[in-house]
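One letter stands for each residue in the lines below.
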Amino acid sequence: MAKVVRSIVIAGNGTNCEREVAHACLLAGSDRADIVHIAELLKGRVRLDDYHFLNFAGGFLDGDDLGSAKAGANRLRHASVSGAPSLAEQVRQFIADGKLVMGVCNGFQLMVKMGLLPGLDGDFQQQNTTLTYNDRGRFEDRWTYLAVDEDSPCVFTRKLPNLYLPVRHGEGKFVAKDAATLERLEKEGLVALRYADETFKPSMQYPLNPNGSQGAIAGICDPSGRLFGLMPHPEAYVHRTHHPRWTRENSLPEEGMGLWLYQNAVNFVREEIL
Amino acid sequence: MANRIIVGLKPGVRDARGERVREELRLHLGIDLPRIRTIDVYTVDADLSDAELEAAAQGPFSDPVIQNFAINNPLACDFDLLIEVGFRPGVTDNVGRTAKEALQYLVGRKFAPGEAVYTSTQYLLNGEINSAMAERIARDFLGNELIQRWTIVSAAEFDRDRGVPTSVARVTSSAEPRVQNIDLQIDDDALMALSRDGMLALNLLEMKAIQAYAADEARIGRRTELGIGAQLTDCELEALAQTWSEHCKHKIFAAKIDYLDAEGNRQTIDSLFKTFIVGATAEIRRRQGENDICLSVFKDNAGVIRFTDDWSLVFKVETHNSPSALDPYGGALTGIVGVNRDPFGTGLGARLIFNTDVFCFASPFHKGDIPQRLLHPRRIFEGVVEGVEHGGNKSGIPTVNGSIVFDERFLGKPLVYCGTAALMPATISGKPGHEKSALVGDRIVMTGGRIGKDGIHGATFSSEELHEGSPATAVQIGDPITQRRMFDFLLIARDRGLYNAITDNGAGGLSSSVGEMAEDTGGFELHLDRAPLKYPGLQPWEILISEAQERMTLAVPPRHLEEFIALAEEMDVEATDLGEFTDSGFYHCLYEGKTVAYLEMEFIHEGVPQMVIPARWQPPSLDEPSIPQPQDLDSTLRHLLGRLNVCSKESVVRRYDHEVQAATVVKPLTGVNNDGPSDGPVIRPLYDSFAGVVTTHGICPRYSDIDTYAMMANAIDEALRNYVAVGGDINHVAGLDNFCWCDPVLSEKTPDGEYKAAQLVRANQALYDYCVAFGVPLISGKDSMKNDYQIGGTKISIPPTVLFSVIGKMQDVRMAVTMDVKRPGDLVYLLGRTSDELGGSEYYAMHKQLGTAVPEVDASTALARYRRLNLAYDEQLVASCHDLSDGGLGVALAESAFAGGFGMRIDLDKVPVEGMMRDDSLLFSESASRLLVTVHPRNRDRFEELFAADVTACIGQVEEQSELIIHGQQGGVIVKSALADLKEAWQATLREL
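Protein chains in written order, with this note's numbering: chain C, 117 to 390; chain X, 39 to 1031.
Here chain C stands alone, though its shape is the one from the complex (with noise of 0.2 angstroms):
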């Protein structure tokens, strides 16, 4: 029998971005891109466990109310499931099991609200980052340089060459619990993703860096590159035409940019999971 990519997108309460993520799998070779509202997954008809690759959508999870994620985080802590294992041990089964995560924007805030991410000793439930109001103190929406650091753990940015991408969001900026975990994440190479200028220098400065992030993170991973969030929208750039600039720049390859990090994702599972 073939092997079966099989990717799942959870959906509800505010997640906006589901059906471009789901989209972005299927272009990557995903054979399954299923969107599952999380009242599938709380009613127990449909299990993490049958899937390879978890995306966590952008959006505004209960309106973003208590601080960006936050309400949702605790939703998937201590929600139940009708007959089957609660959401959270779901979670870390599929952790486990070695399977892919992935968090975008909204998603990456629940990552590290949940205490996903980074992940460090192997413990995904402790906090001990966040991600919170831009130094601006405003959303905004604009294209960024992205720096990856090729030295990184991270599956999904494994061998790819710098990155331009969208953010969207009012909270983004990354703060570390103190300066020994952020010191940890720059040695072990977890800070897949910053922000820089257009040569690719990591920038502290605004509109480079657009939200004020610690050490220019843009985005992170655990230190078994399995799990990864970021602020940027890799889903927002997989074809030509969503860049800004491709009415007026002709030789852009087809492929989106973003696209990339997706056909990692699913090159690994086909490779190393399957």
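In short, the hints are calculated from the structure, not lab data.
Incorrect hints may have been included.
Under the rule of at most 25 angstroms between Cα atoms (straight-line distance), these lysine-lysine pairs were calculated in the DSS-like manner [claimed, not checked]:
1) X:Lys-138 to X:Lys-148
2) C:Lys-159 to X:Lys-148
3) X:Lys-787 to X:Lys-246
4) X:Lys-787 to X:Lys-820
5) X:Lys-312 to X:Lys-820
6) X:Lys-572 to X:Lys-148
7) X:Lys-48 to C:Lys-293
8) X:Lys-138 to C:Lys-159
9) X:Lys-1014 to X:Lys-948
Just so it is clear, the structure is predicted and the values come from calculations on it, not from any experiment.
Let chain C serve as the given structure and place chain X on it in line with the hints.
Only chain X this time, still in chain C's reference frame:
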């Protein structure tokens, strides 16, 4: 008892929100304080153990990395003054709702009825602030007394052990439900007093029609038998007032107008709406025959046109002016989430694909007094922008198009236009997706939010001018998340075929939604006591007409009821069976089994008497000003670029997510630095097709001061030239008209009503003439006719304003063209003739003049040009294209150049002109239907061949150096500006807002 969980930032963590508040306080009120910090307060009014409270504070309510918390103790310290702002009882508290849900997950049980979480924010101010200043900061900046309340505490007064005293914003009411009967057999003065005092907004003619209905002997007999009583009930009178309101019934557009034109010709127009709007569309559809793109026009919540074989396009634009005047944030937020429900509730339901927004404000830099009950335009600006930001972004709908128009008269009433488009399957369960019908026996099901006193009298309130007694309950705060959950649920229900019809609860609440759907069956029976309430104490009439947000009404066949309700419950959405659609012929409401409203359907829907409005057109006597020829056109151009109506709106555009759904192919900002002003967006809503949606708009209220006919013609032309500029197919486009007028009905309050009514007639005549000439059917629209402010001796009427929006198709989004010049060496063409038409122009406005020569639109020439442009795009001949509007050729050249990052050398002598014109007039005239195009030299011959029959000229070339150089008609250089200087002038004005 209630407990307070206080959450603040740890020492050393930057308080970006506090800094933003500090900066805005400086900009808004000119108060510059050294420091402002913020603290969140959750007042938990629920039976929880200490351990549970502690867990809540630690878990969902605080972020352990950056925040700390206290329970029932204060965190505030090191401040000079503390202001805590919370909501008044009954006002939607979204954060409080989310906090309650989070607590329920945490403790694993549901709250008891009446238990809730209320939120407030503490602002810790440092600096010298006296008590008057503190009150001003609270009232004019941090809070809005219509919806919020606050506590001001100085450092000296502050209780360091207990902090700010606990206050719970619970709605308390001991009112028993009671239905009042109202005696209508009273004299005319008393009838009018009843209308006025009860916020019914009905005129004498209408009150007398109701009086006559109530006096009918046979009817009284039947009512007595039924036990409802001879006199009408408050429910019935309120239902009639809402249904018959200007807002719902569009009585002015339906009126008989006695029109006298300037030549003394008298004409009776029986309904502007039927004559000019429906009339135009019918004529166009007839002419288009097989190529008719319309699927559903005027009859549903939004218009529907064809898109692809499998999908149809839905579009609606609404205004939310009056609420936005009182509470800009809540008004605009409610406006956007409100208009979302229109396309969603069209046909059997549609998925939302983008929002548009257009605002009309007074200058945010307004100096001088603000009349009573009005807010400073800067506050309106900030609040409205933030409301639309939250409404659009949180709902996951990209805001792709908009503009902001400035005129001092919008001080009296800001205009807030919000539009939403949607994609609908062409067929659903084998039937056309745009059709629906409730069936006899279907259950009336309400889903989404609950009913509260919020939004009571919204429809009647917006049918009047803003006056002293305008009710605060008309102000609401939208809740995008409750709505998003409901939409997620309903799309599944739609695809499972669980309902027969759907509509939204907007103006008039259940009374309107159920009343309208029941026209399909000819009656209904609605049990008001079954409706879920936010809090107890609502009277039956309040339940009936409350405009509480985020609700849809559906007709669910009894066999699907159980599945429908179960699905809702599973998805955390409330759905309640409220009654049944019948064929009784009666609008029938009950409360606890007792009939409280029993009106003939025909009377409530058709009984409103037609108004008769006099209109007399007399062109205003105006002169062409003589403006001295400027010595320095560089500085004139920079000035013009920096004017509010021209300058960059980037600071606003970036606050809107314009890319969510990954479909925005041409974005609102474009060019080499992603900051040039796009003429319009192109959307690719289907991932498996390159078919595109283009939407643009035109709006030119300044021309109304000369002639509303020209205003309307130019708005239509502006929308269409923007539309073709990005690549929209001129043969596949539909229009929406949104009229915002000042009261045009002659009365004591409006002595110039005849003129304003004539302005309305002329705008409608142009609407008909130009839509028919361009072949653009109207598919939906709205009017808001009472945009006046009248308190004491002050009256402010807005300039008559029509937003003309278009939506249409392009075959392949990869053919789209943006406005930025692309490369040195490209040739610059101007399409269309320039005439001495500066009347109402931005250039004249800069000199505080109006003038009289308003641009005329020649539709047949324009249409031929737009068709040719479509062909040029098909052949990929065009590198860039930008429409000429405010500021004319000069502004368009500058924008195209700095957006593209290349200079241009232009020769004005080459510009085709009508007669003789000065250089400044030529540069800044706003003659219609003109486009600035750049073309690669290799395409020159083919391009010129294509446009040979049109008025077209090559007027210059794109150049490597970053300068705009313009040679005057005499040959000398009249403009030589660095692009950086032009761009800076264009960007500086609103950069900090």
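Taking the hints in turn, this is what the structure says about them:
1. Taking the CA atoms of X:Lys-138 and X:Lys-148, the gap is about 9 angstroms. The hint holds against a cut of 25 angstroms.
2. Proposed proximity of C:Lys-159 and X:Lys-148 is supported: the alpha carbons are some 18 angstroms apart, at most 25 angstroms.
3. Proximity of X:Lys-787 to X:Lys-246 is assessed by CA-CA distance (about 21 angstroms); at most 25 angstroms being required, the pair is judged to hold.
4. With a CA separation close to 24 angstroms, the supplied pair X:Lys-787 and X:Lys-820 stays within the 25 angstroms bound.
5. Distance check on the hinted pair: X:Lys-312 and X:Lys-820 sit about 13 angstroms apart at the alpha-carbon level, within 25 angstroms; holds.
6. Between X:Lys-572 and X:Lys-148 the CA atoms are separated by roughly 16 angstroms; this keeps the pair inside 25 angstroms, and the hint holds.
7. Distance check on the hinted pair: X:Lys-48 and C:Lys-293 sit about 11 angstroms apart at the alpha-carbon level, within 25 angstroms; holds.
8. For the given pair, X:Lys-138 sits about 22 angstroms from C:Lys-159 by alpha-carbon distance, which is consistent with the 25 angstroms threshold.
9. Between the alpha carbons of X:Lys-1014 and X:Lys-948 the distance comes to roughly 18 angstroms, so the proposed pair stays at or under 25 angstroms and holds.
Going through the hint list in order, the structure satisfies each hint without exception.
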